[in-house]
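Participant: Sequence:
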Amino acid sequence: MDALAYIQQISLGIVPVLFSVSVHEVAHGAVAYLFGDPTAKDAGRLTLNPIKHLDPLGVLVFLLTRIIGWAKPVPVNPLNLKNPKRDMIFVAAAGPASNIALALISAFLFKGLLAFKPEVMEFVSHFLRYGVVHSLGGVYMILVPVAIMLLLSVIINVALFMFNLLPILPLDGGRILYGILPEPVAARYAAIERWGLLIVILLIVAGLDRFLGRAVLSLSLYLVRIV
Numbered sequence: 009m010d011a012l013a014y015i016q017q018i019s020l021g022i023v024p025v026l027f028s029v030s031v032h033e034v035a036h037g038a039v040a041y042l043f044g045d046p047t048a049k050d051a052g053r054l055t056l057n058p059i060k061h062l063d064p065l066g067v068l069v070f071l072l073t074r075i076i077g078w079a080k081p082v083p084v085n086p087l088n089l090k091n092p093k094r095d096m097i098f099v100a101a102a103g104p105a106s107n108i109a110l111a112l113i114s115a116f117l118f119k120g121l122l123a124f125k126p127e128v129m130e131f132v133s134h135f136l137r138y139g140v141v142h143s144l145g146g147v148y149m150i151l152v153p154v155a156i157m158l159l160l161s162v163i164i165n166v167a168l169f170m171f172n173l174l175p176i177l178p179l180d181g182g183r184i185l186y187g188i189l190p191e192p193v194a195a196r197y198a199a200i201e202r203w204g205l206l207i208v209i210l211l212i213v214a215g216l217d218r219f220l221g222r223a224v225l226s227l228s229l230y231l232v233r234i235v
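Residues in the sequence shown are numbered from 9 upward in steps of one, following the working numbering.
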């Protein structure tokens with residue numbers, strides 16, 4: 009890949025990535041707090057400051073794949089919840105729900121910007137096709153990067169939504185599935201959590217990012233069309 013294209017993609021993607029994963033983690037902590045667990049609040053994790061949420065491995069995976077990444081999970085103590093098994097379903101679902109909400113908001117703002125300045129779409133299309141933006145002048149120096157970041161926000165949030173809903177512990181999809189399963193089955197399912205990160209890495213090596221990338225792009229373009 010051309011070095012300029014890679015640098016531009018990371019530079020334009022870093023803001024929506026950091027904001028999106030921060031909102032994702034705050035959503036988990038906020039719902040846990042609503043259900044009676046102040047652990048995330050006491051740990052200072054109910055903040056949109058991305059430094060509080062960064063996970064070095066998750067950032068590295070994003071730099072390599074540019075579609076998959078994760079943040080440091082907010083601490084949650086299920087013992088503080090009134091009904092731990094049930095309430096953890098809502099705590100886990102809050103993260104992906106916040107991402108799909110951000111994707112819709114970003115899509116709406118992106119469409120609004122294009123309505124204001126339709127010519128911006130030409131630059132956005134060039135970026136989507138070739139992964140790079142060449143010299144800009146005038147108002148386009150601001151509008152084009154903002155438009156691209158909004159579109160990337162749609163894509164990144166859809167990616168976070170789909171990736172985190174994979175039914176693999178410790179991902180949110182695994183937490184939701186654990187809460188739904190009957191207790192004896194859930195206990196056996198929970199035993200594989202120690203292998204969860206390894207399973208995710210193996211799936212990425214096997215091409216999960218390419219498969220997920222196509223699904224993410226399709227859903228992202230659909231959201232942009234319908235808002």
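Possibly wrong hints are sitting among the right ones.
Cut-off 25 Å, straight-line C-alpha distance, at most; resulting in silico cross-link-like pairs (SDA-like, lysine to any residue) [stated by the list, open to error]: (1) K60 x N88; (2) K93 x F219; (3) K90 x L151; (4) K93 x L71; (5) K119 x N88; (6) K93 x I188.
Label pairs and their computed distance ranges (CB to CB) [claimed, not checked]: (7) W203 x P86: 19 to 29 Å; (8) L42 x L211: 27 to 37 Å; (9) P64 x G139: 46 to 56 Å; (10) V23 x F219: 38 to 48 Å; (11) L229 x D10: 22 to 32 Å; (12) V193 x I150: 32 to 42 Å.
Quick caveat, the hints were computed from the structure, so don't treat them as lab data.
A virtual CB, placed ideally from N, CA and C, is assigned to each residue, including glycine.
Participant: A separate judgement is required for each hint: does it hold in the structure or not?
Facilitator: Hints versus structure:
no. : hint                    : in the structure
1   : K60 x N88               : 23 Å, holds
2   : K93 x F219              : 32 Å, violated
3   : K90 x L151              : 48 Å, violated
4   : K93 x L71               : 35 Å, violated
5   : K119 x N88              : 43 Å, violated
6   : K93 x I188              : 8 Å, holds
7   : W203 x P86: 19 to 29 Å  : 21 Å, holds
8   : L42 x L211: 27 to 37 Å  : 33 Å, holds
9   : P64 x G139: 46 to 56 Å  : 25 Å, violated
10  : V23 x F219: 38 to 48 Å  : 26 Å, violated
11  : L229 x D10: 22 to 32 Å  : 24 Å, holds
12  : V193 x I150: 32 to 42 Å : 54 Å, violated
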